[in-house]
Amino acid sequence: MLMSVGSLAAMGLALGSVLGVASRYLAVEENPIEAELQAMLPGSQCGQCGYVGCAQAAAALAKGEAPVTLCPPGGKATAEALAAKLGVKVDLSNVSDSGPQIAEVTEEICIGCCRCMKVCPTDAIIGAAKQIHNVIREACTGCSSCVDVCPTEALGMAPIPVTLQHWTWPKPASAHN
Amino acid sequence: MSQAYGIAVAAPHTTTTNSPTRIMTLVMLALAPATLYGFWLYGWPAFFLWAITIGAAMLGEAFCLRLLNRRAVPVLMDGSAILTGWLLAVSLPPWAPWWIGVFGGMFATTLGKQAFGGLGQNLYNPAMVARVALLISFPVQMTAWVAPLPMFSAGAPGLVDGLLIILKGVPHAYDAVTSATTLGFAKTELSRGVNLLESLQHAPALSFIGSRPGSLGETAAWLILAGGVAMMFMRIITWHIPLAMLAGIAIPAAILHAVDPSRYLEMGAHVLSGGAMLGAFFIATDYVTSPNSPRGQLIFGFGCGVFTYIIRTWAGYPEGVAFAVLLMNSMTPIIDTYFKPRIYGRDRKGNPLQTTN
Amino acid sequence: MGFLDRFLKAPSWGVHPEDHKRPAADVPLRMFPSPERVFMPLSQHVGGAARPIVLVGQKVLKGQLIAEAQGNISAPIHAPVSGTISAVGEVTAPHPSGLPFKAITIESDGQDRWIETDPLADPFSAAPEEVARRSALAGVVGLGGATFPSAVKFALGKRLKVGTLIVNGGECEPYLSSDDRIMRDFPEQVVDGARIVMHAIGASEALVGIEDNKPEAIAAMRQAAAPYPEVKIRPVPARYPMGSDKQLIQTLTGKEVPSDARAAEVGVLVHNVSTCAAVHKAIRLGHPLVERIVTLNGGAIATPGNVYAPLGTMISDLLAFVGLKEAPSRLILGGPMMGTPLLHDRIPIVKGASGILAFDAAEAFVPEAGPCIRCGNCTKACPMGLLPLEMAARIRVGDLEGAEAYALQDCISCGCCAYVCPSHIPLVQYFSHAKGELTNAERTKLRTDATKRLAEAKAARIERENREKAEAAARRKAEREAAKAAATPAATPVAEQTQGASA
Numbered sequence: 000m001l002m003s004v005g006s007l008a009a010m011g012l013a014l015g016s017v018l019g020v021a022s023r024y025l026a027v028e029e030n031p032i033e034a035e036l037q038a039m040l041p042g043s044q045c046g047q048c049g050y051v052g053c054a055q056a057a058a059a060l061a062k063g064e065a066p067v068t069l070c071p072p073g074g075k076a077t078a079e080a081l082a083a084k085l086g087v088k089v090d091l092s093n094v095s096d097s098g099p100q101i102a103e104v105t106e107e108i109c110i111g112c113c114r115c116m117k118v119c120p121t122d123a124i125i126g127a128a129k130q131i132h133n134v135i136r137e138a139c140t141g142c143s144s145c146v147d148v149c150p151t152e153a154l155g156m157a158p159i160p161v162t163l164q165h166w167t168w169p170k171p172a173s174a175h176n
Numbered sequence: 000m001s002q003a004y005g006i007a008v009a010a011p012h013t014t015t016t017n018s019p020t021r022i023m024t025l026v027m028l029a030l031a032p033a034t035l036y037g038f039w040l041y042g043w044p045a046f047f048l049w050a051i052t053i054g055a056a057m058l059g060e061a062f063c064l065r066l067l068n069r070r071a072v073p074v075l076m077d078g079s080a081i082l083t084g085w086l087l088a089v090s091l092p093p094w095a096p097w098w099i100g101v102f103g104g105m106f107a108t109t110l111g112k113q114a115f116g117g118l119g120q121n122l123y124n125p126a127m128v129a130r131v132a133l134l135i136s137f138p139v140q141m142t143a144w145v146a147p148l149p150m151f152s153a154g155a156p157g158l159v160d161g162l163l164i165i166l167k168g169v170p171h172a173y174d175a176v177t178s179a180t181t182l183g184f185a186k187t188e189l190s191r192g193v194n195l196l197e198s199l200q201h202a203p204a205l206s207f208i209g210s211r212p213g214s215l216g217e218t219a220a221w222l223i224l225a226g227g228v229a230m231m232f233m234r235i236i237t238w239h240i241p242l243a244m245l246a247g248i249a250i251p252a253a254i255l256h257a258v259d260p261s262r263y264l265e266m267g268a269h270v271l272s273g274g275a276m277l278g279a280f281f282i283a284t285d286y287v288t289s290p291n292s293p294r295g296q297l298i299f300g301f302g303c304g305v306f307t308y309i310i311r312t313w314a315g316y317p318e319g320v321a322f323a324v325l326l327m328n329s330m331t332p333i334i335d336t337y338f339k340p341r342i343y344g345r346d347r348k349g350n351p352l353q354t355t356n
Numbered sequence: 000m001g002f003l004d005r006f007l008k009a010p011s012w013g014v015h016p017e018d019h020k021r022p023a024a025d026v027p028l029r030m031f032p033s034p035e036r037v038f039m040p041l042s043q044h045v046g047g048a049a050r051p052i053v054l055v056g057q058k059v060l061k062g063q064l065i066a067e068a069q070g071n072i073s074a075p076i077h078a079p080v081s082g083t084i085s086a087v088g089e090v091t092a093p094h095p096s097g098l099p100f101k102a103i104t105i106e107s108d109g110q111d112r113w114i115e116t117d118p119l120a121d122p123f124s125a126a127p128e129e130v131a132r133r134s135a136l137a138g139v140v141g142l143g144g145a146t147f148p149s150a151v152k153f154a155l156g157k158r159l160k161v162g163t164l165i166v167n168g169g170e171c172e173p174y175l176s177s178d179d180r181i182m183r184d185f186p187e188q189v190v191d192g193a194r195i196v197m198h199a200i201g202a203s204e205a206l207v208g209i210e211d212n213k214p215e216a217i218a219a220m221r222q223a224a225a226p227y228p229e230v231k232i233r234p235v236p237a238r239y240p241m242g243s244d245k246q247l248i249q250t251l252t253g254k255e256v257p258s259d260a261r262a263a264e265v266g267v268l269v270h271n272v273s274t275c276a277a278v279h280k281a282i283r284l285g286h287p288l289v290e291r292i293v294t295l296n297g298g299a300i301a302t303p304g305n306v307y308a309p310l311g312t313m314i315s316d317l318l319a320f321v322g323l324k325e326a327p328s329r330l331i332l333g334g335p336m337m338g339t340p341l342l343h344d345r346i347p348i349v350k351g352a353s354g355i356l357a358f359d360a361a362e363a364f365v366p367e368a369g370p371c372i373r374c375g376n377c378t379k380a381c382p383m384g385l386l387p388l389e390m391a392a393r394i395r396v397g398d399l400e401g402a403e404a405y406a407l408q409d410c411i412s413c414g415c416c417a418y419v420c421p422s423h424i425p426l427v428q429y430f431s432h433a434k435g436e437l438t439n440a441e442r443t444k445l446r447t448d449a450t451k452r453l454a455e456a457k458a459a460r461i462e463r464e465n466r467e468k469a470e471a472a473a474r475r476k477a478e479r480e481a482a483k484a485a486a487t488p489a490a491t492p493v494a495e496q497t498q499g500a501s502a
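Residue numbers (numbering that gives the first Met the number 0), protein chains in the order written: chain A, 0 to 176; chain B, 0 to 356; chain C, 0 to 502.
No lab work stands behind these hints, which were simulated from the structure alone.
Relax, there's no trap hidden among the hints.
Listed below are several chain B residues computed to face chain C (Cβ distance under 10 Å; list not exhaustive): (1) 17; (2) 235; (3) 287; (4) 292; (5) 296; (6) 340.
Cβ atoms here follow ideal geometry from the backbone N, Cα and C, with glycine treated the same way.
Work out the full structure: start from the sequences and follow the hints.
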């Protein structure tokens with residue numbers, strides 16, 4: 000009996016030390032996750048998350064200081080992707096996913112003051128002093144900085160209209176297994 | 000005359016009339032002749048054990064479904080629990096006690112199937128999982144074979160007696176009936192040092208017709224074969240797994256028997272006894288746990304056969320089909336990863352074909 | 000593993016659903032009387048939508064150009080009736096979303112007056128490029144359903160020196176028989192069109208593949224092609240999807256198109272029989288593509304059959320023409336295996352509309368989907384050799400990249416897998432969903448990259464402006480200093496002397 004106890008104990012010690020050594024010398028390097036997180040964010044440096052730019056937000060996410068729901072323009076899709084990357088669980092019920100939105104100018108109210116043009120991070124608003132402004136859809140990231148500065152509230156956010164080219168089949172409801 | 004049609008339904012707008020229920024029913028029909036023959040061979044106790052096992056399997060499934068808050072009857076109607084119970088029943092000793100059937104049946108559907116997520120999600124063949132669990136937990140009852148005592152013949156138990164045998168155990172009056180299977184006998188004698196050439200003269204006769212000790216599913220080899228071929232014609236199974244498994248048993252058997260007939264049983268004995276035929280046609284061909292591609296199926300079947308032979312010949316159990324099938328089931332995902340069908344326009348590795356123009 | 004491959008050759012791909020083509024296929028072709036109003040969509044082809052060149056109120060003749068092709072891959076649109084342009088607006092698209100697209104509405108004057116046509120007297124002595132140019136101007140696109148602009152395909156075939164033209168008379172979808180009808184009634188048009196296409200691409204032979212469930216069409220085509228030994232009629236086994244070009248090419252020539260290549264790169268080009276007939280009309284008669292044969296079939300139709308109708312005719316008008324036994328339970332554009340479900344019948348016929356199916360309740364019944372039992376029937380049926388059960392299992396849990404690793408993008412959405420599935424799982428919907436999501440994700444990524452560049456560009460611009468402002472300010476300051484210094488240059492030495500003297 001001593002033989003069996005002794006041999007098993009010896010095996011345990013030996014294998015345990017092998018694991019310990021392996022965890023030191025064969026450890027996997029940390030991935031450069033910050034760059035990957037930054038790539039997932041919209042990149043318009045709008046500042047709605049509270050950080051100066053998307054790079055800083057990505058750094059905070061990598062450190063675990065910021066929640067994955069920090070990006071309003073990104074909506075549910077971004078929050079989900081960030082959560083998947085960081086391996087955290089996220090409660091999406093509070094994320095207002097109005098879907099991707101872009102800014103729209105109500106032309107009758109626009110006074111051509113140019114304030115929105117100056118704050119738009121991607122130069123998506125065209126116009127000139129005393130001329131009606133308009134939003135270039137493809138360049139708008141939905142950061143809504145312009146909405147905040149417009150003095151006449153001519154700017155608002157509207158959902159991106161679904162076109163024939165963007166429509167996709169929904170996933171079928173799966174049967175119980 | 001404009002009309003609205005609600006939400007769009009995706010193509011295709013037509014479908015086959017096939018269904019899982021139809022498939023299970025056809026498999027049960029293919030299994031029925033051998034089972035009925037087994038009832039006749041072993042009498043009423045075999046029938047009651049079969050019924051109890053199937054009932055327990057269905058009970059196990061219904062219990063799990065109720066735990067999931069789902070309605071049990073529609074799911075039971077797909078016939079898979081019944082088939083699992085049936086396959087388990089035909090691999091048990093025909094006069095095993097009732098609680099073997101109950102424990103095995105419930106184990107098969109609860110831990111063998113529903114615990115993985117239900118139909119289509121299990122990694123291991125549920126009937127074999129249950130059989131192995133029974134075999135290692137209750138080795139005595141699971142190896143208590145009986146010689147055939149055909150129904151209505153002199154000395155065979157009647158209906159009520161048959162039920163009592165299952166419920167209360169085999170009374171002493173039937174002691175003469177207990178017997179070993181050919182494989183079991185050969186293995187025991189070999190371990191006692193008696194080589195095959197001598198021992199087989201006293202062994203229970205191997206009969207293709209099936210009049211020998213064994214489980215319901217192993218005695219009527221030709222009825223099992225007929226059922227298997229019928230399933231192939233009905234396009235429920237293909238020839239790949241059965242042929243490969245029988246080859247995996249027969250080829251090593253033939254080679255080793257030629258090398259040393261005193262230690263190794265011949266090919267016919269191996270193929271006809273144990274669960275080889277049943278395993279090849281009904282057990283290893285289970286959709287959920289076998290590979291998807293023809294090449295993968297050949298490898299899977301061959302592996303089942305070879306493992307069966309190895310376990311029968313050199314391992315501690317006289318019968319190896321259940322263990323072999325479970326071992327190969329665990330290989331199925333990796334077989335599926337490496338043996339995929341060739342895609343049109345790509346080579347075997349998955350890269351686009353090179354244009355020769 | 001070549002020998003083993005032959006030994007282990009998988010069972011025949013595809014499925015063989017009930018045909019349902021007769022009696023509709025045998026009913027003689029009916030001419031749809033000129034409609035009161037047509038709605039001609041601007042996008043009836045692969046590629047850029049056509050640009051309207053007419054104004055509301057303008058009078059047009061039948062066959063007149065009303066919208067020009069835009070871009071390299073595009074096709075023009077012509078008026079299918081003579082009359083007045085009443086609107087350039089929107090109409091519901093034949094699309095499962097029910098979203099609208101642009102269309103030109105023409106009120107017919109009932110006279111069907113053609114434009115002055117410009118036929119090509121001898122196509123075979125004209126340059127191949129001329130044939131292609133005229134086909135392009137006539138708006139000929141693939142009428143099998145793919146609607147790819149034919150002239151672009153001719154140019155491709157000529158450039159890659161395609162030697163064999165495959166004329167697709169497969170029509171493998173159940174219920175449909177418009178190609179069958181055109182081969183039975185106008186085989187000379189098909190054969191002539193095929194020979195013209197051969198000339199346009201420089202091919203030396205044409206193989207006409209016709210499924211063997213169309214014996215009358217085979218006989219008629221054989222007779223029409225008899226004087227031309229280079230046009231060979233080849234009956235093929237009736238099995239869905241034999242009409243799919245990859246499968247037809249393999250059956251007729253044994254060649255396999257690599258997954259990242261086009262058919263032209265293996266020396267073949269595939270054109271539908273109706274497309275060949277349209278080329279014949281465009282070249283020999285100078286008629287642009289403004290009409291086509293449409294099959295109207297299904298349990299809810301009173302007199303199923305084929306109808307020769309102008310493009311832009313409302314489906315509701317066609318249904319009224321053939322009569323409905325009951326309100327259809329489902330309306331489908333195309334065949335039952337790949338057809339587009341329509342949300343209502345106020346949708347116009349487009350160039351790719353080979354058939355309209357009005358299903359009754361029994362035909363439209365959708366059995367409830369069950370769990371996957373991993374039977375592998377889908378794998379056996381898939382004509383592309385894919386593993387639908389594995390792809391669907393991954394898509395179900397959201398692993399779209401995993402599904403792509405199983406060659407999801409090679410899927411031709413033929414529907415064989417969903418057809419044979421005993422659990423009636425909507426496999427094609429899983430794949431369409433996944434392909435759409437992957438495309439959207441890529442589009443989003445491109446957009447994000449683009450907006451990042453825009454943001455960087457703006458930041459750079461602001462920085463540059465600030466820098467320039469600072470430089471300009473510094474320059475102005477320097478100029479001011481220089482000007483100030485220059486303002487008293489003579490005074491300086493005097494001042495110095497004076498200062499020096501006074502100091």
